[in-house]
Every structure is written in structure tokens, then in C-alpha cells.
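Residue numbers (my numbering), protein chains in the order written: chain V, 1 to 384; chain U, 1 to 384.
Just so you know, these hints were derived from the structure itself, not from any lab. Just so it is clear, the structure is predicted and the values come from calculations on it, not from any experiment. The C-beta atom is built at its ideal place from N, Cα and C for all residues, glycine as well. Please note that the accuracy of each hint is not assured.
[Said to hold, decoys possible] Some chain U residues near chain V, calculated using beta-carbon distances under 7 Å: (1) 197; (2) 201; (3) 246; (4) 263; (5) 265.
Protein chains: 2
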Amino acid sequence: MTRWFSAARMGVHLTDDERLDWLRLIRSQNVGPRTFHALIDRYGHVRDSLAALPQLARRGGASAPGRICTRAEAEREIAAASAAGVTFVALGEPDYPSRLAMIDDAPPLIAVCGKLATLAQPTVAIVGARNASAAGIKFAERLARDLGEAGLVIASGLARGIDAAAHRGSLTTGTVAAIAGGHNSIYPPEHAALAEAIAQNGVVLSEMPLDHEPRARDFPRRNRLISGLAAGVVVIEAAQRSGSLITARMALEQGREVFAVPGSPLDPRCEGTNNLLKQGAAPVTEAADVTAALRPIFEQPLQLSAQEPDHPIAPGEPRGQSEPGDGERDRLVTLLGPTPVGIDDLIRLSGLPPAIVRTLLLELELAGKLARHGGGLVSLVPSI
Amino acid sequence: MTRWFSAARMGVHLTDDERLDWLRLIRSQNVGPRTFHALIDRYGHVRDSLAALPQLARRGGASAPGRICTRAEAEREIAAASAAGVTFVALGEPDYPSRLAMIDDAPPLIAVCGKLATLAQPTVAIVGARNASAAGIKFAERLARDLGEAGLVIASGLARGIDAAAHRGSLTTGTVAAIAGGHNSIYPPEHAALAEAIAQNGVVLSEMPLDHEPRARDFPRRNRLISGLAAGVVVIEAAQRSGSLITARMALEQGREVFAVPGSPLDPRCEGTNNLLKQGAAPVTEAADVTAALRPIFEQPLQLSAQEPDHPIAPGEPRGQSEPGDGERDRLVTLLGPTPVGIDDLIRLSGLPPAIVRTLLLELELAGKLARHGGGLVSLVPSI
């Protein structure tokens, strides 16, 4: 969970103006979900974060300030989305899926299309191989149908093979497709009709701009949404080093249950799933295996911390700490390299106050010089 | 491990006369391995146990004394075995497999044919469906070959399907077939040639009389030998309620590792193996999964207790405790029924001394009125 987001922020509706500011901030250059959260941690408010972007990037050593999404651009995206039946839901708003809100890098805004009530239901993800076997596809459809009849919504990624079968099996009971591109760029294109059918009884969800065409790196990023939406992830047929295993890893990092369907050791499409079993994933051969494991989790209320950030700050004011100096910046940059390193280690090794380290990292990030990874790890982006 | 059998009895060679007595005792009516051990626990010596049989059975309420194997019958079996290249190895003798010696109901004598040195090697069992799929058979043969090349002897049950494939895959590296019938009654008959080939490079092992034709109930009994010989059991393709699952259960009771090969949830032949995975069996897709798990077990020396029984007794003398009276017998029988109950519970509920309870149970057993189960459980045999 991000530092600024707490129970006190839950259930709050954004004004249209605030929503516009949120969209501008997350669409600005070098601002991803983690940077977004780091900015709110520091400035307490989206508008002030927007205002601070140029100065922060300059201090981080950017030769030119990163491109800031204009008010007009954000207005155009919201209008186009509205025309396409897509609405933006902000983190903390009532329609935002509560489990997704708990992950470290929760998208500040999700663009959703369909029956939003679906997002409030107990959800399990089913993912797997694109080149699935006929048996795998049949099993995925049956498992999705059975889990749907047991009252669970099925989340998946709209991919060929297992994903599509999982959506098809749960079309009437409720299904959510988290996609890697924008709503106007459904991938694979032949699944456009399936996406429309999903929106009839469920939700298509994206964190990307409406017309964004998905690139290879967008799929792993999207996978955290599939696992983030769900209390558990079932993997059906997955080769080694496949995207489904990335989803399984994300699920573990997010504290989700991981299930794997056993398969023949002679089928390379089962190598990944069988290895998950070796690593402790729960075997699944029928819906009851999943429901029995998840029931106690769904029965437990989600715990959002009721605490505000350590040092509450007045809106519009940066935190009362002193700004970092050049010497401190140099000390931190020396400690950084292309290998991801923990922020805790940076604080310890630099001897700098945590707030200063966080500010310096934010500046470097907005200057396009820093990448954030899961688990509080950061690395320098190699200059080309 | 049985109570009388301890480190002090290890490595002792029997005289021909003693071997004859052992064979007579285990071939006598109502004497199974557990009764055999209970008799030695009480009388300290096989000859005295033989002499006590009629009186014990009478005290247990037998209308007619159980049939005692005569010296001539035992001599004939040993001669016939010798002619067939089969020798008898007694529990505690150097050629007796040390892991098998550790199980509660270790056969007092095993009839073995082949290269006896095989029985001293680190061993793993492979068992599975008789109606195995082509893929299952291929996998079994490959796994047996790979484990054999890694230095392990493969134990199995000479059945059709997986068992035969496991033996074939390990013919040149070393394999042991534990059979349910006698050596002169190989089942299934079409595996006679395979049994001969196994004896060339490994061992065929039985605890039954040479000409014994296996009945249905002999197979579960035999399964404890397969798991008992091995440090772990790999199950490849097993339907629900199949013999392979009995072997897996025996393995668990004996403290052996249980491995299962994952398979498609749509194949009923994989239901049993997948359920084993759900119950915590280790998934196996390649030999390394087995060797990695068993290496530390093989590196650890087998621990045989160095203690003699609680109350050492002079040969030829029953233990110094008083004989049970009729009142005590009635009290115990009242507590017994067709549902298996723990001997510990019987001792507690009857308020009788443990030695008295054990003697009473022995008498009932020799009268054909008591059945012993695993885990120290006993039940009354319903009178017909």
C-alpha cells in the first residue's frame, strides 16, 4: 500500500477538476504509479505535485524538463473516453477495486468500461498459455464457469488461449479483463468482440491512455493488475519464462494465493505450472480446490491502515524538511548503479535522512534517470 | 521397528535349524509378521514360540488349534526354493534389506532370487497404474533409467503398465520386484520373462510360499514391501482408490517420502496422483526432483535402536509376568469390536498391565479372532 493512501482517503469522490489534475499528473513524462504516490507523499496534493514537476526534474539533472500533460490534453482524453463509454475511477473512490488499491504500485486512475459493480465482487484470476492445448482450453473454460457459479468474478488478460477461455467461461457470471493497451487498441485485435461481450456483463480495465498501442513491456506491467484485482491466481498451462509466471510472481509479491493446474511432464506447456507446484503453489483440478482455499480470505475484511502519513502536511506546502543540497545528491548518485538496490540500504549507506533520500530519488526519477522496481528497489537508468 | 529386533540382532547368521524354525513359525496358521514379532517379544526365541502356539490358541478360545507348519513341510519348501534358485533371508541377517528391517511388520523371512547385493543399494520405488497411458509408460521408463544412472535401485511390483516400465528402465542398473505371490506363481503370467530378466541384474522378492497364487488381498500386503524397501515412492498415474495409492499410504506410515507425477485434471488416471499432490506429495517431473530430496536421507546412517527389549528374558522362558486370567480376558474382549482400536487405548481403558494386554491379544490372534492393522490398531474378526 502506498504511504499517503489510507482509510481516511477511502470512499472519497473526486471533483471533475481534481480528476483532471490526477489524469494530468499520471500522464506526464517520467511519472508512473510509484512516482505519483511519491509525489503525493511529498506534496500532499496533486495540483502542487504538478506545479513542482519542472523544478524537481531540473534538480534531478534533466537537461530539458519532462513533458507535462496539459489541461487541454487531459480534457480531450476524458471526453474521448466518455464517448467510448469509458470512465476514470481514482484510487480511493468507491468504485475502485479495494484489493487493487492495496498494492504498492496501484494505478492512481483506472479507465473502466462495463458494469462497475463487478469490481466489488470476490475475484480470482485465471491466466495461462496463449498456445494452450485443447485440453487446457477446455479445462480453463470449465473452471471459470464453475468458479463463476460459486460466486467468484474471473479476472484475466484477454490474451489468446487460456485467458480468452477463462473470460468465455465466466461471461454470464462476471469477468474482468485487464488489458495492456488503451481501450481503443484492443489486443489481440480478433478479441475486440470478446472485449465488447465482457463489457456487457463485466469490466474491461486499463491504466493506459485510450489510444495506447501495447508494447512488449506493457504486458508484465499489466500482469500486476490481474493479480492485484484478485485474491488468488490460477495458472493453467505455462511454459518456462512465460508471462503467466510473471503474473504468478506478482501475485506472490502482492501476497496473493498462487494455484497451478498439474500437467504432463512430457508437455512443455506444463513446465511452468509444474515448477510452480514444486515451489509450493496449490494444485488445482477442480473449482473446489480454489474456493476452499479462498473462502477464509474473502470472509476476512480487507484491512486498510487508518493512519495518515507520518508527518501530515498542509495542502499546497511541501513537507517542512530542508531541501537536499548538491553534496547530498552526489553522495546518493554515487551509491546508485544499474543494479537495483533497496531504498532502505541507500538511506543506511548514505547516512542521509529518509525524507531527503526520497526527495532526491523523486528528482532523479522525474529527470528520467531512475527506475523503480518492486520491493522498494531502485536503479539508475543507463544514459545512452 | 518391532520390539525384539534391535542393533544387537543385526548381522547375525541363522543356522539351518534356526532358519527351518523361523519358516515353520511364519508358515503356521494365524501367524503373520506382526504375530511372529509379538511371539518373539514374549518368548524370546522361535522354537519356544512354536511350542507355545497350541496353548495360546486354546486360551484365546480357538475351538481347534491352528495348523502348525511341520518340520517336513518347511524342509520341502526350502529344498524346492533352492532348486528354483530362491534363498531365504531372515530379518537381521546381513543380506536382509536394512530399510525393510525397520518397518513394523517386516517379514521375518524373505524369499529372494537374483543378485542379493542389489538389496544393499539406495533404493527408490516407482509404482503406478496398470492401464497407464503411453505417455505415462514412456515417462516411467525414462525416470527409472535416469534414477538408475544416478545410482539408485528401482523397486516396483512387476504389474502391467507403470511397474513393468519402471523395471524395464532399470534392468541394467538394478531393480527389485516385490511380488504378491510365490516365486513359482509369477503374476501376471506374461511377465515371467521380465521376472527372469530382473533376477539377472537385480532381485525378485516374496514373503509368500513358493507356489502361492496371489489373491486380491495379497497385493495391498505386498505393497508395504515395495515402500518398505525404498526411501521414497514415486507414483506415476494412479486413479482414485487404486493400489498405487495404498503403496503411497504405506510409504507415509513407514515414514518414507512420497512423490507424485502431475498430470492433466481431465485424465482419470491422474486423479490419484494429483490428489497426492494436494495432500503434500512432492511433484516430480525429472529424476533430479527425486535425487535432490532423497540425497540427505541416503547420506544419513539408518538408526537401529541399540536397546534390547524392555525386559530381557532367558531363552526358552516366557516373561516373568503372571498369566492373564479369564476375568481379564473378558474385560479386554468387551472393549474390542469390529472397529479397529488402538492397543494404547485398550491398555488405558482396561486398566490391565501392558504385558497382560499384549499376551491376551496374541492369544486371540492365534485363535483367529483378532486382526492387527497398521499404527498399533487391532479389531475383532467377526465370527461367521
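Verification of the supplied hints:
Proximity of residue 197/U to chain V is violated relative to the hint, the smallest CB-CB distance being about 26 Å (cut-off 7 Å). Checking residue 201/U against chain V: minimum C-beta separation of about 26 Å lies over 7 Å; hint violated. Below 7 Å, beta-carbon pairs count as interface contacts, and residue 246/U has none with chain V, the closest being about 21 Å; its hint is therefore violated. Taking 7 Å as the C-beta cut-off, the interface hint given for residue 263/U holds, the closest approach to chain V being about 6 Å.
Contact between residue 265/U and chain V, as hinted, is supported at the beta carbon level, the nearest pair being about 4 Å apart and thus within 7 Å.
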